[in-house]
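> Protein chains in written order, with the numbering used here: chain A, 1 to 171; chain B, 1 to 190.
Be aware that a few hints might be false.
[Said to hold, decoys possible] Derived DSSO-like pairs: lysine-lysine, alpha-carbon spacing no greater than 30 Å straight-line:
| # | chain 1 | residue 1 | chain 2 | residue 2 |
| --- | --- | --- | --- | --- |
| 1 | B | Lys-11 | A | Lys-7 |
| 2 | A | Lys-76 | A | Lys-161 |
| 3 | A | Lys-161 | B | Lys-11 |
| 4 | A | Lys-7 | A | Lys-161 |
| 5 | A | Lys-15 | A | Lys-161 |
Calculated from the structure, these hints are not laboratory results.
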Amino acid sequence: MARTPLKPRIVFIAKFVIALLGFYALVALNPVNDHVIVPFTEVIARAAGFLLRGIGENVEVDGTLIRLSRFTMDVKNGCNGVEAMLLLVAAILAFPASLRSQLIGLTIASAAIQVLNLFRVSCLVWLGQHHREIFDFFHVAVWQSIVILAAISMFVLWSWKFAEKPLAQSR
Amino acid sequence: MLKNLWPSLVKGATGFLIGLAFWWAFSVPYARLLVALSEPVIRIAERPPVTRLIPDGTEMTIDRTDFPRASPRPGLRLMDLTFNILLLTTLFAVNPQPLSTRNISGFLLASLALVLVHVAAVVANVQSIYALRLGPWSERHYGAVARNFWGAAAHFYTVVGVFGAAFALWWLFRPSLALSSKRPSQRRSK
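If we strip away everything but chain A, and leave its shape as in the complex, we get (with noise of 0.2 Å):
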């Protein structure tokens, strides 16, 4: 540990944070809540109802609301993938890359993300149907981590492929 610099990943942690708490209150805006993030939590519980529906279920929609015969989901903050999306672009930001690649990291993993949320929605209000009693747990601890250990996987690999290397060449 002691060969291992630390002030490059002191200066990243703290852009991490900085850009994180910014992020954070930016989406904590009332105008932000209702008019960005509430419509975009809508179209998620929509998409989800569409794949809910493909596989045979009985499905209604209204607005963040998904509504099975014997269980009812509301989509909220924290299963949106906002988060997951907060964490991530904070992370590109922070770390030093060309804009370029930060762009193209941002689009991709954003995109791969939010497909990945979609699948843990539709699987959550499943599980709620068909498999009530493992329902909190997949909820709290199984979803929430995969979600973010994806956000975590893609960051690293975009850092590897596009950041760490050519700056490394760069040297």
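With the hints as your guide, set chain B onto chain A.
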């Protein structure tokens, strides 16, 4: 490329399962530890110190000696604050040479720092309950700035801080990639 990802996926899944087993098995004693560490921190800012945190399985009850005896006591689910240990064990498991001394000592340091993060999360959540959820009592004892601050602090931790803390600690304490990827012969020659 996908072929190269398999070892990392297997290591990650193993780390996740170990973290899950550890988190599940030790959640009750860890709740007692968190309560024991958090209560004095909360009481530092109180004149007189009145808060009592009572562990109850994986949850805790928040009591104050100045609360009316008959009023219900608010509670806090500690596992909602501590599940980021799963993230930390998974990330350290994926590191190259996960069982090396440097990786394990990094993991232990990160875990120790995570305990401090959990104490801060408990303090923020208790203060948020005091500031926002106790009706007229909250309004009497907390001003607008304090209510917003504690509410935002608890919400920030729940939404992104819980994950951000594990990621930041992994990033800070993980063994250097450049050092880990060197062959043993290269390391010996140094």
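> Failing hints, ascending?
Hint 2 contradicted; others consistent.
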